[in-house]
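Below are the chains, spelled out letter by letter.
Protein chains: 2
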Amino acid sequence: MRAAVYRGPGDIAIEDVEKPTVESPTGALIRVTHTAICGSDLWFYRGKTEKEPGEGVGHEPMGIVEAVGNEVTSVRPGDRVLAPFAISCGECEFCRKGLYTSCVEDESWGGENGGGQGEYVKTPFADGTLVKVPDRYADDQATLEKLLPLTDVMGTGHHAAVSAGVGAGDTAVVIGDGAVGLCGVLAAQRLGAERIIAVGHHEDRLEIAEQFGATETVAERDDAAAAERVRELTYGGANHVMECVGAASAMDVAIDVARPGGRIGYVGVPHGVEAAGLDVLSLFRDNITLAGGVAPVRDYAEDLMADVLGGTLDPSPIFTKTVDLAGVPEGYEAMDNREAIKVLVKP
Amino acid sequence: MRAAVYRGPGDIAIEDVEKPTVESPTGALIRVTHTAICGSDLWFYRGKTEKEPGEGVGHEPMGIVEAVGNEVTSVRPGDRVLAPFAISCGECEFCRKGLYTSCVEDESWGGENGGGQGEYVKTPFADGTLVKVPDRYADDQATLEKLLPLTDVMGTGHHAAVSAGVGAGDTAVVIGDGAVGLCGVLAAQRLGAERIIAVGHHEDRLEIAEQFGATETVAERDDAAAAERVRELTYGGANHVMECVGAASAMDVAIDVARPGGRIGYVGVPHGVEAAGLDVLSLFRDNITLAGGVAPVRDYAEDLMADVLGGTLDPSPIFTKTVDLAGVPEGYEAMDNREAIKVLVKP
Numbered sequence: 000m001r002a003a004v005y006r007g008p009g010d011i012a013i014e015d016v017e018k019p020t021v022e023s024p025t026g027a028l029i030r031v032t033h034t035a036i037c038g039s040d041l042w043f044y045r046g047k048t049e050k051e052p053g054e055g056v057g058h059e060p061m062g063i064v065e066a067v068g069n070e071v072t073s074v075r076p077g078d079r080v081l082a083p084f085a086i087s088c089g090e091c092e093f094c095r096k097g098l099y100t101s102c103v104e105d106e107s108w109g110g111e112n113g114g115g116q117g118e119y120v121k122t123p124f125a126d127g128t129l130v131k132v133p134d135r136y137a138d139d140q141a142t143l144e145k146l147l148p149l150t151d152v153m154g155t156g157h158h159a160a161v162s163a164g165v166g167a168g169d170t171a172v173v174i175g176d177g178a179v180g181l182c183g184v185l186a187a188q189r190l191g192a193e194r195i196i197a198v199g200h201h202e203d204r205l206e207i208a209e210q211f212g213a214t215e216t217v218a219e220r221d222d223a224a225a226a227e228r229v230r231e232l233t234y235g236g237a238n239h240v241m242e243c244v245g246a247a248s249a250m251d252v253a254i255d256v257a258r259p260g261g262r263i264g265y266v267g268v269p270h271g272v273e274a275a276g277l278d279v280l281s282l283f284r285d286n287i288t289l290a291g292g293v294a295p296v297r298d299y300a301e302d303l304m305a306d307v308l309g310g311t312l313d314p315s316p317i318f319t320k321t322v323d324l325a326g327v328p329e330g331y332e333a334m335d336n337r338e339a340i341k342v343l344v345k346p
Numbered sequence: 000m001r002a003a004v005y006r007g008p009g010d011i012a013i014e015d016v017e018k019p020t021v022e023s024p025t026g027a028l029i030r031v032t033h034t035a036i037c038g039s040d041l042w043f044y045r046g047k048t049e050k051e052p053g054e055g056v057g058h059e060p061m062g063i064v065e066a067v068g069n070e071v072t073s074v075r076p077g078d079r080v081l082a083p084f085a086i087s088c089g090e091c092e093f094c095r096k097g098l099y100t101s102c103v104e105d106e107s108w109g110g111e112n113g114g115g116q117g118e119y120v121k122t123p124f125a126d127g128t129l130v131k132v133p134d135r136y137a138d139d140q141a142t143l144e145k146l147l148p149l150t151d152v153m154g155t156g157h158h159a160a161v162s163a164g165v166g167a168g169d170t171a172v173v174i175g176d177g178a179v180g181l182c183g184v185l186a187a188q189r190l191g192a193e194r195i196i197a198v199g200h201h202e203d204r205l206e207i208a209e210q211f212g213a214t215e216t217v218a219e220r221d222d223a224a225a226a227e228r229v230r231e232l233t234y235g236g237a238n239h240v241m242e243c244v245g246a247a248s249a250m251d252v253a254i255d256v257a258r259p260g261g262r263i264g265y266v267g268v269p270h271g272v273e274a275a276g277l278d279v280l281s282l283f284r285d286n287i288t289l290a291g292g293v294a295p296v297r298d299y300a301e302d303l304m305a306d307v308l309g310g311t312l313d314p315s316p317i318f319t320k321t322v323d324l325a326g327v328p329e330g331y332e333a334m335d336n337r338e339a340i341k342v343l344v345k346p
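Order-wise, the sequence lines are chains E and G. Residue 0 is where the first sequence starts when you use numbering that gives the first Met the number 0, and the numbers rise one by one after that. Residue 0 is where the second sequence starts when you use numbering that gives the first Met the number 0, and the numbers rise one by one after that.
Keep in mind that the hints were calculated from the coordinates and are not lab data. Each hint should be verified, as a subset may be incorrect.
Over 10 Å on every C-beta distance to chain G, these chain E residues come out as not near it, computed from the model [claimed, not checked]:
| no. | residue |
| --- | --- |
| 1 | Thr100 |
| 2 | Leu289 |
| 3 | Glu329 |
Computed footprint of chain G on chain E; a stretch qualifies when at least three of its residues, placed anywhere within it, have a C-beta under 8 Å from a C-beta of chain G [to be verified]:
| no. | region |
| --- | --- |
| 4 | 87 to 99 |
| 5 | 139 to 146 |
Facing chain E, from chain G, some residues (calculated, C-beta under 7 Å) [stated by the list, open to error]:
| no. | residue |
| --- | --- |
| 6 | Leu280 |
| 7 | Thr288 |
| 8 | Ala290 |
| 9 | Val322 |
| 10 | Gly326 |
Quick reminder that beta carbons are idealized off the backbone N, C-alpha and C, glycines included.
Use the sequences and the hints to build the structure in full.
Right, here's the structure in full:
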C-alpha cells in the first residue's frame, strides 16, 4: 500500500509500505478515506522532536472497516468509523474510567499498525478504539468532514475546556489560534461560556475564532502585552484558562492571565517548558490549578458526534486545505508555512 | 515590647521593638499568648531565602485581644483569638470566595503589624482575620495547644488533602513527615481516607503519622526507592497525593507516585522546583492534576475548630518542644537540627 513516511526534518515521502494485517481476534483493518495533518506533526517535521526516519506518520484516521477479528462486536466490514489519535483496549482500568490515553496496552498508530496518513491502518483493539459513524451519515461527505476533527483536535479542545472547568456563564480565555485553540473556542461555547477571549497571532484565524463563538480576540504579538490586555478585559484574570499550544511561552501567558483560585486546562504537548521552568511559584501563590494533559478524545467522541449530527457543532472550518495522499508532503509544507490551519487528507 | 527579630542566617535575637498600635477602625491589637516556629521559617534561617535583617518573625499568633477599632464587630477586648499566617480583609472577592490568601489588601505579619513571635501583634482587619475561641475554652490550656496548629500547619495539611481530592474510602499518599505532612495525615483521615501511606525520612515522625492515622509508612532514604515502594503498595500509584514539603525532590516523588488521572495537592512553598524543572511531561502524559498552593487556612478554621472542640481532632502532638520568648532562638536551633518537629512558643 501507499503511505506517508517520515524521511527527516522537512521531508515526508509517499512510499510503498507493507499493508497491515489483522492478526488479533480483537483487531480491525480500516481503509482510510479521510485523515488529517496535525499541528503536533510539525514538531518532528521541524526537527524539534526526534523521530526515526522510515516511520509511518499520521494519527487521525477515518475510513471503512475492511476486516475484523472474530471477537469484534461493535463494528463490521463496510462500517464507516473514525479512530482517536490514541489506540485503546477499552477494557483496562484507565479505559473504563475514560482515560483512554493511559490504556495499559500502550499501542499507537505507526509501526505495524500503519500511520493514519496512508491507505490502511489496523488497530489491535477495534471495540476499544473505533467509533462507528451511524449508517445514515456514513457517506455524507460534509458530515464526515465535520466528524473528522473528533479524532483529535476537537476532542483535544474539549479536553482543554473540561480541564479548565468551563461551565455555563463562565469567562474563558483560550490561548492559541491553531486548530486546537479554535476547537477549544467551540468547546467553551458548547459548554455555555458567556465570554470567550481568544488569544492568538493571526487575524485570519482569530476571525474563525469569532465565527466559533469568541466574544473578544487579543492579537498582540508580544506575549506580555497580550497577557496585559487579557487582564484588562477580565479585570485581573480569568478563572478558566485553556492553554492550547504547548510552548513554554504560551504556558507563561496562561499563568499570567489566570485569576487567583482559577484553573488552567492545558492540552498542548509541552515543549520547552522543562527547560524554561514552569512558573510554579505563581501557581502556588495564587492557588491556580493545572489540569489536563493528553486528551482522552475517545471518551468524548460519542457526545461530540451527537452534537455534530444534531447540527449544533461544526469544527470543519479548521480545514483550510484538502489534499490526496500524494499531496501530503505539500500539506506539511502548507502547515509549516502557516498557509493552512489544518490540512484534510483524502487518501 | 520584646520580640524575636531576624539578624541573619542562623541568628534570631530577642529585642526591644516598637509595640504595634491600632490605627484603623477595623483593626485589633492582640497580646500573644501562644505562637509557634514554622518549618517555613527555616528557609530564611538557613539562608536559603532572602530576608531583611531587623525584621520581626513569626506568623502563627494566638492571644488575647487588647484593643479594637470602632468598626470591629466580631471580637472585643478580652477575647481569646487565633490568627492565620495570612492577614485577610474578609471583604474582597477572594476573601469572600474563601481564598483568603489572595486578599487584595496584601497585608502580612511582620513590619508594623509585628511578627507572631513577639509580645504583641496587630491586624488592620480584625473581622476578616481573627478567629475567636469560644469563651468556654478560652483558658483551657490543653485545648489552646490543640487549636494553635489551626493558624497554619493543620489548615495547610487540610488544604493538601482537599486539593488532592481526598474523600471517603480513598487511598492517599502523604509526602513529608514534617508538621504539615503529619497534619496532612490527620486531615486525610478526617476526610475518610481508607489507606494513608506516609512517606518520610524519620522513624520517630512516622510513628506520629501512624498515631495520626497512617495505615502504612515508607521510610526509604532514597527518593526513587521510596517512590518505587509506594507504587508497589498502590499497585501502580495513588489517585490522591499530598505533597507537604515544597522541595523539588518531594514534588518529583509526588509525580512519580501519582496514578494516571490522579491529583497532586501541594502546599509546601516550592523551593528549587523552578531550577530543577517540574516534570510537566509526566503530568501531561498521565493527566495528573496539580492543585493547591498557599493554604487559605482562615477558610478552614471554623470547621477544624469544631472538630478540635468536639474531641475528634488533635494535632498538638506535633509540638515536641515548648519555649518562652527568650527561648525562641533555641527553638529555631532545635528545629534546624531536627531535634523538634515543631516548637510551641509561649511569649
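Hints, one by one, checked against the model:
Residue-level check failed: Thr100/E sits 7 Å from the nearest beta carbon of chain G, not beyond 10 Å. A cut-off of 10 Å between C-beta atoms contradicts the statement that Leu289/E is not in contact with chain G; the least separation is 4 Å. Every CB of chain G is more than 10 Å from the CB of Glu329/E (nearest about 31 Å), matching its label as outside the interface. Coverage of the region 87 to 99 of chain E by chain G holds [criterion: at least 3 residues with CB-CB distance below 8 Å; count 3].
As drawn, the region 139 to 146 of chain E meets chain G at 0 residues by the rule of a beta-carbon pair under 8 Å; below three, the given contact is violated. A least Cβ separation of about 6 Å between Leu280/G and chain E falls short of the 7 Å threshold, and the interface hint therefore holds. Interface restraint check for Thr288/G: the shortest CB-CB distance to chain E comes to about 4 Å, inside 7 Å, so the restraint holds. Given the 7 Å rule on beta carbons, the hint for Ala290/G holds: about 4 Å separates it from the nearest Cβ of chain E.
The beta carbon of Val322/G comes no nearer than 30 Å to any beta carbon in chain E, farther than 7 Å, and the hint placing it at the interface is violated. Annotation: Gly326/G was flagged as interfacial toward chain E, and the flag is violated, the nearest CB pair being 32 Å apart, outside 7 Å.
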